[in-house]
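J.: Heads up: the protein sequence lines correspond to chains A and B, in order. The opening position of the first sequence corresponds to residue 20 in the working numbering, with each subsequent residue numbered one higher. The opening position of the second sequence corresponds to residue 134 in the working numbering, with each subsequent residue numbered one higher.
Please keep in mind that the hints were generated in silico from the structure rather than gathered at the bench. Don't take every hint at face value.
Said to hold, decoys possible - Restricting the straight-line Cα-Cα distance to at most 25 Å, the calculated cross-link-like pairs of lysine to any residue (SDA-like) are:
#, chain 1, residue 1, chain 2, residue 2
1, A, K157, B, T179
2, A, K345, A, K415
3, A, K415, A, G298
4, A, K157, B, A204
5, B, K239, A, Q156
6, A, K157, B, R247
7, A, K157, B, L273
8, A, K157, B, E232
9, A, K157, B, A272
10, A, K157, B, D362
11, A, K157, B, L241
12, A, K157, B, P291
13, A, K484, A, Q350
14, B, K239, A, V335
15, A, K484, A, P468
16, A, K157, B, R214
17, A, K157, B, P208
18, A, K157, B, W243
19, A, K157, B, R248
20, B, K239, A, A142
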Amino acid sequence: MDPQLAAAFERLPEYLAWHVLLSVSALALGLAISLPLAVAAARRPRLRWPALASASLIQTIPSLALLALFYPLLLALAALSESLFGRGFSALGFLPSLLALTLYSVLPILRNGVAGITGVDPAIVEAADGVGMTPRQKLLQVELPLAAPVIMAGVRTAAVWTIGAATLATPVGQTSLGNYIFAGLQTENWVSVLFGCAASAVLALTADQLIGLVETGVRRRRRAFVVAGAVGLVAGAAVAMAPLVTRLEGGRSYVVGAKNFSEQYILAELMAVRLERAGAAVRRKEDLGSAVAYRALAAGEIDVYVDYSGTLWTAVLGRSDNPGRKAVLDQLTAELARRDGVRVLGSLGFENAYAFAMRPDRARALGVASLDDLARVAPRLTLGTDVEFLSRPEWKAVEAAYGLRFRNSRSFQPTFMYRALGSGDADVISAFSSDGRIAADRLVVLSDPRGAIPPYDAVILVSPKAAGDRRLVETLTPLVGSISVEAMRAANLLVDRDTAKMTPAQAAGTLERR
Amino acid sequence: MAVPAIRLSDVALRYPNGVSALEDIDLEVAPGEFVALVGGSGSGKTSLLKTVNGLVRPATGQVAVFGEGVASTPPHVLRRRIGYVFQDIGLFPHLTVAENIAITPKLLGWDPARRAARAAELLELVALPADVGGRPPAALSGGQRQRVGVARALAAEPRLMLMDEPFGALDPVTRDALGGEYRALHERLGLTTLMVTHDMTEAVLLADRIVVLQSGRILGDGRPAALLDASAHPHVRDLLEAPRRQAERLRQRLGA
Ligand SMILES: Nc1ncnc2c1ncn2[C@@H]1O[C@H](COP(=O)(O)OP(=O)(O)OP(=O)(O)O)[C@@H](O)[C@H]1O
Ligand SMILES: [Mg+2]
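Chain A with its partners taken away, still in its complex shape:
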């Protein structure tokens, strides 16, 4: 089998298990909220419009944004709970995903619930009163059974939506089938992207058909259909979630985090494999946003990941000066330990700095070799960046130091940023110095004579919780100083290149072997 495909299959049990657990929990919670709400709204017309309107409003929020919005909200709540009860909770991963997906599942169930209940023949509702039912008996014995087919149709819609949207849980740190899609998008591994789409589609279709069977059974009053559908759903969910149970029994496991680009996946694999070889159970939490990753580490939601000194310098310490590579690293080590109890294990040996890069022909034609040169011609050029660069302090520093003003700027996923440079959609890009594509495409990296860009040594960070964990520290310390920028570029290129692509795990293997 194709190695990309084999790697995808290998991860299926874990991704599927989380995806199913997340979808099932969100649907169950959604039902628990929307059914009573539907009953109340059906009884009181005055409640109906506000309930349906707010559910529709939630639906108009892009799913990814809804998921992202729950993170700061929960972070605030966790801090509040920490100060009130001395106990916080994880604002990352399962909880925000669950809440956002639950909200998403409310509308179809609520809408169909109201339609189903108000749609019951009034003569039959009156007969229920007439034979002496209490309001509760009327609801449970007459209205809900008669509305059941319509409600089931709503549940079916909600299930398909939820399973689809659950792929978006990946960026907030919840493993799901979306990991295939997000990781694949970053590394241009289309096999992985397609695999993720197909897996989530097959899951949604299966759930749809099984719930459809229950719905048909309810509609035609065929108990066998209902039982078959329900058994299929329960058994399927149980089998899919089984890997999580065995994991829970496995004792202490480490969580290795990664941000959302190839180098991060490779380094996470490198660390994970080492830990596994040392006999530890390891979970991977990939595709974390840049700001999210550090906070997750400080909160102990991940145990270890690789970040870059300049990023921490500006984003965490809020510094804009540049005292030099060694000073930055030393002060970081002291400050992070003091502020958050985070341990800086050491630098891996290479830098991944922001680097303004241009196509050689274009740079030569415009006579640009440094950022000073660039400032002269910038008003005629288009800047291509990744999605977060323009809002980062590094950009503000460079912009101020050189007075850079571009004709316009466009943001891309990192992979597409290089494409844009190649195609002329961007003249300059905010590249990364360890990126294999710089060498492969022979890009010109502009020099920074004013030292506006801080150093970006790749450092291993360990959470406060794991800072004293000897096995972890001893297993990972040998990596310090072991990776040159050339080695990292080569490994990155193996994953990013268009042909004969490797998986991050394979590329990590090449780093290990050196």
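Please build the complex by placing chain B with the ligands on the supplied structure of chain A, with the hints as guidance.
T.: Using the frame of chain A, we list chain B with the ligands on its own:
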């Protein structure tokens, strides 16, 4: 004097849309009495029946059933004691015929065996074959459904029966037979019956007493013969004479 089975004093009923369905209703029905309620379409017959078992609440006036105020009795307790046959039957489509019949006994906590026996007994009483019990209501004819409606009302052995055109969809022969059988049952069980009908012949033949409604008011109230009296409202007399006029014409046409 014994407590009346039904007592309405000074009742007025207005629907939320402003329609005034009943005005100045004063009516007493003695235990054991069989009263027919007649009147044109929209005259308020169904409204009056629903007022008695609390399905609608009057704007003013008092309603009492066997001396208990309807407004002060929990509705489900009251209704389980009263048999009600709906004008549009209202069988539960998701239950079998037998389950429909035994619904009030079930609510009262009868055990399944007793409910099944009761359903079978009532199916026989309304002249339906026993196998009908397992079918859904949708698999019955209109007349058969109407008889199930009557059986359901009788199931929990009520003392008071409120019937809204219970035999409307039946063929004349079944209608006649079932009407007669119901009257016999009424005697045997000592029921009190308030029955809405459009058929004056049926009213005259079955009822002890006829109440005539028009535009939500009682226009006439008495034994059938008394309503033919000169003192009765001309419209009431007209109504009561209708069966006789028809019988006259029938005799002429059929030449008997
Ligand atoms: N739920 C309701 N809301 C508003 N108006 C109603 C309602 N039910 C009945 N009415 C009105 O109240 C009046 C009395 O209706 P009711 O059903 O009591 O008449 P009825 O004598 O039973 O007529 P029919 O012989 O056609 O069954 C009518 O004018 C009717 O339109
Ligand atoms: Mg009526």
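J.: Run every hint past the structure and note whether it holds.
T.: Here is what the structure says about each hint:
Between A:K157 and B:T179, the direct Cα distance comes to roughly 22 Å. Compliance with the 25 Å bound is thereby established for this hinted pair. Between A:K345 and A:K415, the direct Cα distance comes to roughly 23 Å. Compliance with the 25 Å bound is thereby established for this hinted pair. Note on A:K415 and A:G298: the hinted pairing is violated, with a Cα-Cα distance of about 45 Å set against a maximum of 25 Å. For the proposed pair A:K157 and B:A204, the alpha carbon gap of about 20 Å is at most 25 Å, so the pair holds.
At roughly 11 Å between alpha-carbon atoms, B:K239 and A:Q156 fall within 25 Å of each other, so this suggested pair holds. Our distance criterion of 25 Å between C-alpha atoms is met by A:K157 and B:R247, whose separation comes to about 23 Å. Taking the CA atoms of A:K157 and B:L273, the gap is about 24 Å. The hint holds against a cut of 25 Å. For the given pair, A:K157 sits about 15 Å from B:E232 by alpha-carbon distance, which is consistent with the 25 Å threshold.
Note on A:K157 and B:A272: the hinted pairing holds, with a Cα-Cα distance of about 24 Å set against a maximum of 25 Å. A hinted pair counts as satisfied when its Cα atoms are at most 25 Å apart, and A:K157 with B:D362 does not qualify at roughly 48 Å. The straight-line distance between the Cα atoms of A:K157 and B:L241 is roughly 14 Å, inside the 25 Å bound, and the hint therefore holds. For the given pair, A:K157 sits about 21 Å from B:P291 by alpha-carbon distance, which is consistent with the 25 Å threshold.
In summary, the hint linking A:K484 to A:Q350 is supported, as the alpha carbons are separated by about 21 Å, within the 25 Å threshold. With a CA separation close to 69 Å, the supplied pair B:K239 and A:V335 exceeds the 25 Å bound. Among the hinted pairs, A:K484 with A:P468 is inconsistent with the structure: their alpha-carbon atoms are about 41 Å apart, more than 25 Å. This hinted pair checks out: A:K157 and B:R214 have alpha carbons roughly 17 Å apart, not beyond 25 Å.
Distance check on the hinted pair: A:K157 and B:P208 sit about 13 Å apart at the alpha-carbon level, within 25 Å; holds. For the proposed pair A:K157 and B:W243, the alpha carbon gap of about 18 Å is at most 25 Å, so the pair holds. Proximity of A:K157 to B:R248 is assessed by CA-CA distance (about 20 Å); at most 25 Å being required, the pair is judged to hold. Proximity of B:K239 to A:A142 is assessed by CA-CA distance (about 21 Å); at most 25 Å being required, the pair is judged to hold.
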